[in-house]
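Engineer: As a plain string of letters, each chain reads:
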Amino acid sequence: MKNVIRALRSERGWSQAVLADRLGVSRQSVNAIETGKYDPSLPLAFAIARIFEKSIEEIFDDETEAQLAAE
Amino acid sequence: MTQQTFKSAKRRYMRVFWPLMAIYTVIVLAGSFGLNQLDPEPKWLQATLAVACALPVIGSLLVMLRYVSETDEYTRMIHLKGFAWGGVVTTSVIFLVGFLQLFHVVEMIEVFWFGPLFFFAYGVATFLSGGRDCL
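First to last, the sequence lines map onto chains A and B. Each residue of the first sequence is one higher than the last, beginning at 1230 in my numbering. Each residue of the second sequence is one higher than the last, beginning at 2 in my numbering.
Just to be clear, a hint being listed does not mean it is correct.
For lysine-lysine, the following DSSO-like pairs were computed, each having C-alpha atoms within a straight-line distance of at most 27 Å [to be verified]:
1. B:Lys-82 with B:Lys-11
2. B:Lys-82 with B:Lys-8
3. B:Lys-11 with A:Lys-1266
4. A:Lys-1231 with A:Lys-1283
5. B:Lys-8 with A:Lys-1266
6. A:Lys-1231 with A:Lys-1266
7. A:Lys-1283 with B:Lys-8
8. A:Lys-1266 with A:Lys-1283
9. B:Lys-44 with A:Lys-1231
10. B:Lys-44 with A:Lys-1266
Read the hints as simulated data drawn from the structure, not as lab findings.
With these hints in hand, go ahead and build the complete structure from the sequences.
Structural biologist: Structure follows, in structure tokens:
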């Protein structure tokens, strides 16, 4: 799932390790989510949204909805 | 979700895993050295040492399971993939070797070696799944 976590993190000058610490996850997890290799669970997605003070929809791009709309 | 989930799980894992490995090394080395000094080797002592050697390994497996249940979701997924691959590879080799033995193609192979095979397969699978920094 595409997302804007890398951009939001860069805006705040946070490294992946800093964001990982704030979320209580490994740096590897943050990297996997940022690169779209791993889709976070709903609780983790909410935690990410809370940290960046955004809604989940503002951070994650719902490709499924776009695909359904195209069909 | 609590803060420091990954770090605290890793800390708890390391705090128990390395002492267990140290105990295992000491028991294996001291046990085999001690038994060589005795002639004949008493059966009860052999059995006690065998169980004592296996216990830290069993303990480390349980600690790994605790780590997997306490860590973050991505790390958990990576390690569960590793466990699954470890299980699949080990079970496949057990069946293959078992049938080869049953049909008298190969001689008896020590059951002991399937343990290290599991850990090897688990390690390789975890590494390839991108988990080299998850532990």
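Engineer: Next step is simple, just say for each hint if it's right about the structure.
Structural biologist: Hint-by-hint comparison with the structure:
With a CA separation close to 18 Å, the supplied pair B:Lys-82 and B:Lys-11 stays within the 27 Å bound. A threshold of 27 Å between alpha carbons decides the hint, and for B:Lys-82 with B:Lys-8 the separation of about 21 Å falls inside it, so the pair holds. Distance check on the hinted pair: B:Lys-11 and A:Lys-1266 sit about 23 Å apart at the alpha-carbon level, within 27 Å; holds. Annotation: proposed proximity of A:Lys-1231 to A:Lys-1283 holds, straight-line Cα distance about 16 Å (limit 27 Å).
At roughly 22 Å between alpha-carbon atoms, B:Lys-8 and A:Lys-1266 fall within 27 Å of each other, so this suggested pair holds. The straight-line distance between the Cα atoms of A:Lys-1231 and A:Lys-1266 is roughly 9 Å, inside the 27 Å bound, and the hint therefore holds. A hinted pair counts as satisfied when its Cα atoms are at most 27 Å apart, and A:Lys-1283 with B:Lys-8 qualifies at roughly 26 Å. Simply put, A:Lys-1266 and A:Lys-1283 have alpha-carbon atoms about 22 Å apart, close enough for the 27 Å limit, and the pair holds.
Taking the CA atoms of B:Lys-44 and A:Lys-1231, the gap is near 63 Å; set against the 27 Å cutoff, the hint is violated. In summary, the hint linking B:Lys-44 to A:Lys-1266 is not supported, as the alpha carbons are separated by about 54 Å, beyond the 27 Å threshold.
Hint violations for this structure: numbers 9, 10, all remaining hints satisfied.
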